[in-house]
Amino acid sequence: VNDDYDQMSITPKAVKNKLSVMLKENDLLERDILCIGDDDLFSVACSLTGLPKSITVFDIDKKVIGFIDEISPRLPVPIKTVSVNLLKSLPKKYNNSFDIFISEPPDTVKGTLLFVSRGMQALRKNGAFYLGMTEETLNKKQWLKIEKAITQSGFAFTNIIKDCEEYVREGENELSWKGFEKLPKWINKPASKSWFVSALFRAESIGKRKPLRFSFKDAKKELITSLLP
Numbered sequence: 030v031n032d033d034y035d036q037m038s039i040t041p042k043a044v045k046n047k048l049s050v051m052l053k054e055n056d057l058l059e060r061d062i063l064c065i066g067d068d069d070l071f072s073v074a075c076s077l078t079g080l081p082k083s084i085t086v087f088d089i090d091k092k093v094i095g096f097i098d099e100i101s102p103r104l105p106v107p108i109k110t111v112s113v114n115l116l117k118s119l120p121k122k123y124n125n126s127f128d129i130f131i132s133e134p135p136d137t138v139k140g141t142l143l144f145v146s147r148g149m150q151a152l153r154k155n156g157a158f159y160l161g162m163t164e165e166t167l168n169k170k171q172w173l174k175i176e177k178a179i180t181q182s183g184f185a186f187t188n189i190i191k192d193c194e195e196y197v198r199e200g201e202n203e204l205s206w207k208g209f210e211k212l213p214k215w216i217n218k219p220a221s222k223s224w225f226v227s228a229l230f231r232a233e234s235i236g237k238r239k240p241l242r243f244s245f246k247d248a249k250k251e252l253i254t255s256l257l258p
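Residue 30 is where the sequence shown starts when you use the working numbering, and the numbers rise one by one after that.
Worth flagging that the hints you see were computed from the coordinates, not collected in a lab.
One should not assume that every hint holds.
Stated by the list, open to error - Below 25 angstroms or equal to it, Euclidean Cα-Cα: the simulated DMTMM-like pairs (lysine to aspartate or glutamate) are:
| no. | residue 1 | residue 2 |
| --- | --- | --- |
| 1 | Lys45 | Asp61 |
| 2 | Lys82 | Glu99 |
| 3 | Lys154 | Glu176 |
| 4 | Lys109 | Glu54 |
| 5 | Lys42 | Asp68 |
| 6 | Lys237 | Glu54 |
| 7 | Lys109 | Asp61 |
| 8 | Lys169 | Asp61 |
Please model the entire structure based on the sequences and the hints provided.
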């Protein structure tokens with residue numbers, strides 16, 4: 030986990046939950062899949078199913094990319110990694126190249142929409158995507174802003190599964206994530222069970238798509254949850 034990139038991995042159970050939904054929605058078999066940010070190594074789990082046609086990872090963390098590159102040749106479906114800074118436009122060769130994208134973006138409005146906008150750019154006409162969003166650091170008004178921007182771009186939400194994904198925060202390191210600085214001061218020791226969870230959203234392209242309407246001015250500041258006031 031690298032706090033410089035606002036990383037927090039989901040648990041193996043959460044990975045299984047997400048894979049189960051993707052199987053049910055027929056979003057794995059013979060699909061070209063894109064993972065935008067992959068400290069969870071969800072791409073590896075996808076590969077181990079042996080179902081996708083291809084798997085690509087966009088990430089900025091050299092450690093994540095290096096690890097995936099090392100194990101990729103031994104996986105059922107090799108994984109291609111690409112070093113990407115999402116603050117910059119994607120190379121045109123990745124436009125309309127994927128059926129599905131998956132992301133666990135920063136828990137901020139602009140951070141989430143930045144990740145989603147790059148994913149939309151990479152999706153084919155009838156593509157779909159999966160998004161994890163928490164209620165711990167995003168309130169319902171912020172959820173609404175995100176949902177409105179997405180639906181106005183020509184996507185419809187098909188699934189919203191609450192508490193689908195638990196995050197790994199164990200032992201002495203449980204409160205080390207910078208975003209937890211916003212918690213009440215009386216919370217000063219690890220919980221007895223997982224409590225930091227996210228809802229899993231699935232959305233798919235419906236009809237004509239439009240560019241995502243949202244200002245990304247100062248988006249860099251919202252890529253790290255703990256930097257927000």
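Handout entry: Hints that the structure is at odds with (numbers, increasing)
Key = Failing hint: just 8.
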